[in-house]
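Protein chains: 2
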Amino acid sequence: MKRFGIIGFGRFGQLAARHLRDHFSVVVTDTADVGEAAAAIGVKTGSLADAADCDVVMLAVPVQAMAATIAAIAPLVRPGALVLDVASVKMLPARWMLEALPESVDIVATHPLFGPQSARGGLEGQPLVVCAVRGERHHKVAEFGRSLGLSVSITTAEEHDREMAYVQALTHLIGRALVNIRIPDEELKTNSYQHLLELCGLIRDDSKELFFAIQNLNPYAEEITRQFIAEANGLLAESLKAGNRSAAD
Amino acid sequence: MKRFGIIGFGRFGQLAARHLRDHFSVVVTDTADVGEAAAAIGVKTGSLADAADCDVVMLAVPVQAMAATIAAIAPLVRPGALVLDVASVKMLPARWMLEALPESVDIVATHPLFGPQSARGGLEGQPLVVCAVRGERHHKVAEFGRSLGLSVSITTAEEHDREMAYVQALTHLIGRALVNIRIPDEELKTNSYQHLLELCGLIRDDSKELFFAIQNLNPYAEEITRQFIAEANGLLAESLKAGNRSAAD
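For the protein sequence lines, the chains are A and B, in the order given. Heads up, the first sequence is in the working numbering, so the first residue is 1 and it goes up one at a time. Heads up, the second sequence is in the working numbering, so the first residue is 1 and it goes up one at a time.
None of these hints come from the bench; they were simulated from the model. Computed from a predicted model, the values in this text were never measured in an experiment. Keep in mind that the hints are not guaranteed to be accurate.
Since the list gives no way to pick out one identical chain from another, each pair is judged satisfied if it fits inside one copy or across any two copies.
With a cut-off of at most 30 Å between alpha-carbon atoms, the simulated DSS-like pairs for lysine-lysine come out as follows [stated by the list, open to error]:
hint	residue 1	residue 2
1	Lys189	Lys140
2	Lys208	Lys241
3	Lys241	Lys44
4	Lys140	Lys208
5	Lys2	Lys208
6	Lys241	Lys2
7	Lys189	Lys44
Here chain A stands alone, though its shape is the one from the complex (with noise of 0.2 Å):
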């Protein structure tokens, strides 16, 4: 069995450990002690070191840590290892990967579109996005993320960043404005409403540092954000203007 080594043992990480312990031998490590959320679910942990020097290495760490990550298992990889991340954004995470680790690794950059509350019921058709970053792999990944039931597209960092920043970041954006005034959950309300407290559930328990990730980390979010929020004010001032015009009618 190849060994698998998984950085960073949080929720992803230990979502991943529970499919992928029956296909490989998994080695998981964390800044925090991860022992018993490893003995619970039956892999083994070890040392940055130990899960570095893996045929396949994927980083599960918050995108934040994640620099600082790559530059400390760049000299830690074996030849011929595959790298790979799980991060929200891609064209940073790849950039860091092709500049920092060795060329005698393999890289491939991907984004689960899921984690342990959207994939409970399992990961059949859960979307996982496949990006290149060096060598040929991709192909490899893609395929055995089709052998767990995944739908996999595969795609350009780039593209998959463009794609986000309306998909997360102005979703997100949005949401979490919502859950931060509190919208109430009121008794008389229609269907577009109720979109809007849908989306404040799906959202309600996300972390600040994925918000911010979303938002930082994906060079188009600024734009779209931004571009919602003004045509957001500048539908108020027409409405205002408007209601001026008529109450002076």
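Starting from the known structure of chain A, arrange chain B on it as the hints suggest.
Leaving out everything else, chain B in the frame of chain A:
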């Protein structure tokens, strides 16, 4: 059969006529020529005076035209008549009707939270809000609404407008802004983004008149929409600051 006057024979007036023609002798009027639409539904057309001189008079004109319409019918309504409106905001129309209509008529303010699109499968379960304005006939209106299968809530105009500042004003502001910036139907999408796309679908065809009415003529709307925009702005600023911090690390 009691006579029922419908003033304003647009999308909602026509929907109402279709459901009232079996229970009342319906007379409709409009500033535009609506003879064909009335004939298709099988109701009579008449002058403003004909429609205003009925046992029940429904104001189904745009909110922007309502104060002028109320002033025009005030000398035409018969003592003992019931006058009701169907606007999306309730405090202003209730006040306009109360101030301008003679003491001899009863007044009920209503908001049907549905239209030809949402009620194309029938009225069953569609929400109707009923507010007492003058007299006790809101109970009769509620009872009649229930007999049509509507889900009727009796509340005050103020409570209605407070709730609708969220349910309508905020929802339409977000939906209209998303429609205007043309958010794309991406191939890679999450459930959260799907909610935004469906919100756009529900709001896309609404008129600017309705949008302005919901935003301007509800006295609570501006505060809530400003609060949302300020929160979105604050989140964007906070995330840019977090980005600069992590770039400086």
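How the hints compare with the structure:
1. Taking the closest pair of Cα atoms, Lys189 and Lys140 come within 30 Å of each other only across two copies (23 Å); inside a single copy the shortest separation is 48 Å, beyond that limit.
2. For the homomeric pair Lys208 and Lys241, the shortest alpha-carbon distance between copies (13 Å) is at most 30 Å, but the shortest distance inside one copy (37 Å) is not.
3. For the identical chains of this complex, Lys241 and Lys44 are neighbours neither inside a copy (65 Å) nor across copies (39 Å), given an alpha-carbon limit of 30 Å.
4. Neither within a single protomer nor between protomers do Lys140 and Lys208 lie at most 30 Å apart by alpha-carbon distance, with minima of 33 Å and 52 Å respectively.
5. For the homomeric pair Lys2 and Lys208, neither the shortest alpha-carbon distance inside one copy (35 Å) nor that between copies (62 Å) is at most 30 Å.
6. In this homomeric assembly, Lys241 and Lys2 never come within 30 Å of each other (Cα to Cα): the closest approach is 67 Å inside a single copy and 42 Å across copies.
7. Neither within a single protomer nor between protomers do Lys189 and Lys44 lie at most 30 Å apart by alpha-carbon distance, with minima of 50 Å and 34 Å respectively.
Against the hints set out earlier in the document, violations occur for numbers 3, 4, 5, 6 and 7.
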